[in-house]
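Listed in order, the protein sequences are those of chains D and H.
According to the numbering used here, the first sequence is numbered sequentially starting from 350.
According to the numbering used here, the second sequence is numbered sequentially starting from 937.
Just so you know, these hints were derived from the structure itself, not from any lab.
Bear in mind the structure is a predicted one, so any value in this text is a computation, not a measurement.
Just so you know, even glycine gets a beta-carbon here, dropped at the ideal spot from N, CA and C.
Keep in mind that a hint or two might mislead.
As the list claims (entries may be wrong) - A short list of chain H residues far from chain D (calculated; beta carbon distances all over 12 Å):
id, residue
1, GLU950
2, VAL1076
3, GLU1206
4, LEU1378
5, ARG1443
To be verified - Stretches of chain H that chain D covers, calculated by requiring three or more beta carbons in the stretch to come under 8 Å of a beta carbon on chain D:
id, region
6, 990-997
7, 1063-1070
8, 1409-1419
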Amino acid sequence: MTQIIRDQRIVTDDWCRLDDAAPLPAAGRVIVSLARWRAETPVLKARGDVGVAIPSELDVAELQDDLPHLPLIALYFVFIQPRPEGGRTFDGRAYSQARVLRERHGFRGEIRATGDVFRDSMFYMHRCGINAFEVKPGQDLDDALNAFKDFTLHYQGAADDPIPLFHRRRQADT
Amino acid sequence: MYRYDTFDQQLVNERVAAFRDQTRRYLAGRITDDEFRALRLRNGLYLQRFAPMLRISIPYGLLSSRQMRCLAHIARRYDKDYGHFTTRQNIQFNWPKLEETPDILAELAEVEMHAIQTSGNAVRNITTDPLAGVAKDEWVDPRPYCEITRQWASFHPEFNFLPRKFKIAFSASTTDRAATMVHDIGVHIVRNARGEIGYTVYVGGGLGRTPMIGHKIREFLPEADLLSYCEAILRVYNRLGRRDNIHKARIKILVKALGPAQFAEQVEAEWKQIKDTPLKLERKDLDYFRAFFQPHPYEAKADDDATFTPALESDASFATWIRHNTREHRVPGYRIVFISLKARGVAPGDCTSAQMDALAGLADLYSFGEIRTTHDQNLVLADVKQADLYALWQALTPLHLATPNIGTLTDLICCPGLDFCSLANAGSIGIAQELSERFDKLDYLYDLGELQIKMSGCMNGCGHHSVGHIGVLGVDKEGEEWYQLTLGGSASNDAALGDRLGPAIARDRVVEAITRLVETYLAQRQEDERFLDTYRRVGLEPFKQNVYDTNH
């Protein structure tokens, strides 16, 4: 079974990806594509054990009505090769999706990072409200747990803690 | 200036430890090239033509003498005894070893410095007026706002992987000395009719391949809302900016595609959702940062000095230097001194470790221990008492730091070009040197008046050629270095992009072509008109004819 990191612990993944063409199993936790979620919303919503994988271009506000029925949302991170030449860059749109899901829409389910998930980007993912990580094959999972200790402080608020550092200085002053 | 508290120091120390670990894992083959690239770029480390280049952040261009000494030490110990001050008010070292960069960052952390986000697709060094706090035309010191913004942007978890790099500049004076109109966000700190401080916000300016002047998207943003508004802009950009093509990924392309009005609407909609969150600044937050930028303890009667005027009268060279390399200070009896890094035979912006050490000492003696960097690649001692000017000038002269050419044609800016950069098509340093030889007669230079030449070795425009009065852009023609000239650019209040003169010019004709541009200007000039004004009055044609006329 695949190991993932969830809530800063290494666990066996208890979800599986369902191919768009595959029939819906009678039971068990599955993650479907956004297209399938939309096509079969009433059935999938009622189950309560179906999560959705969303593409990074989605405005997550469109999911607002689905959120109470979703136990899991999978986000996608990837290295991309922009034209016309040069090094590959990292698609960071899902960082914004995660924050908006947590901070604006109050989503409490699992937010999972999938794709090019590597140890040194996990601290920032965690700050944006991502709590589960399908770490890329080949990475050392035990070492990846150290990612959450990269920093013990932060200047700006985010999903993990809304309070910017300058508030602490405010308190220290008075 | 701003001093780290234990929070700032802890964050920087933790970053050094994280990068040391990353470098160790990379060298052990446990991190892929793609991953390490993303990581090292967040620490200012490029792998380029000959060796790695490490770019160190100088927040809004302000350095203490202690920090300058540390830079000198780094140049000596880890590099070839010099550093290069950049157009982003930073410094870069061109010869460090990859495995030594964690040690360099650790040494920097000891003097409250770092290389965080000096490269990569994140918010870069926040820049502002190099004369902040001392300029006569300033209404509020922009540096506390820069520092607040710097902290908000540092390690911002959401905006670490934007479509492209992101540059923010602040201006708070009548004359824009921070080139705000060619930044991703340009913030003008202003006062409204009721006397309240706020911001006029411009977005989508930029240089590079598709240079554009910024668009005003908000007339007046209340002072408390700086960070939430920036966060809204960045979020809209992060979501909607293009990622498919590196040349179309800057925010200016998005602003143009949506139209400034539609872009502004998106930002306002996003901002409404986050403006009443803990990002809102309170008066005491601003006061906390303002306290670091209080005026120095200036002497009350510094202008009551009997030595300055006689020195001016008896030493013509000193008088020339005062006229060209110093500016009026807001406090009587003090002057702002520009240190020219454009001596003949030196690449613009280069500074040796010996010069850095000497400048640190002079700053301690004469300018409250502070040094500033400018986006024209010079340095500034901002607070020199007039009674000390003669001694300072005498000390600077043997260091080759007193070339009296500030604002003249030989005070040109250029990128490292083909000599160092892996992106460049063409050299820029060589041409800079030939120009300073061609125009070495000071009287002639002074007669030309304000004339900015800006040179870039490629379309990325690190030398800001698009906004040079004369812009020089290196292009590649079948493996040979050619140069495209532009005229009439400006990054100041009258911001404009230069117009293309005509076909590119071969390497061996560039200096001659620029000479002809200057001659055309002198022939067309009315009275004391600046080059830029003459150009705007007479247009491209006479310049073009003179440069491309082969009968010469």
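Quick rundown of the hints versus the structure:
For GLU950/H, the non-interface assignment is contradicted: its Cβ lies about 5 Å from the closest Cβ of chain D, within the 12 Å cut-off. For VAL1076/H, the condition that its CB be more than 12 Å from all CB atoms of chain D holds, with the nearest at approximately 19 Å. Not every beta carbon of chain D lies more than 12 Å from that of GLU1206/H, the smallest distance being close to 9 Å; the non-interface claim is violated. Annotated as non-interface, LEU1378/H keeps its C-beta farther than 12 Å from every C-beta of chain D; the closest such distance is 43 Å.
Its beta-carbon lying about 24 Å from the closest one in chain D, ARG1443/H satisfies the requirement of being farther than 12 Å from that chain. Coverage of the region 990-997 of chain H by chain D is violated. Counting CB-CB distances below 8 Å, 0 residues qualify, and the rule asks for three or more. Only residues whose C-beta sits within less than 8 Å of a C-beta in chain D count toward coverage, and the region 1063-1070 of chain H has 0 of them, not enough to reach three; the restraint is violated. Remark: the region 1409-1419 of chain H is not confirmed as covered by chain D, as 0 of its residues place a Cβ nearer than 8 Å to a Cβ of that chain, below the required three.
Checked against the numbered hints given earlier, the structure breaks hints 1, 3, 6, 7, 8 and satisfies all the rest.
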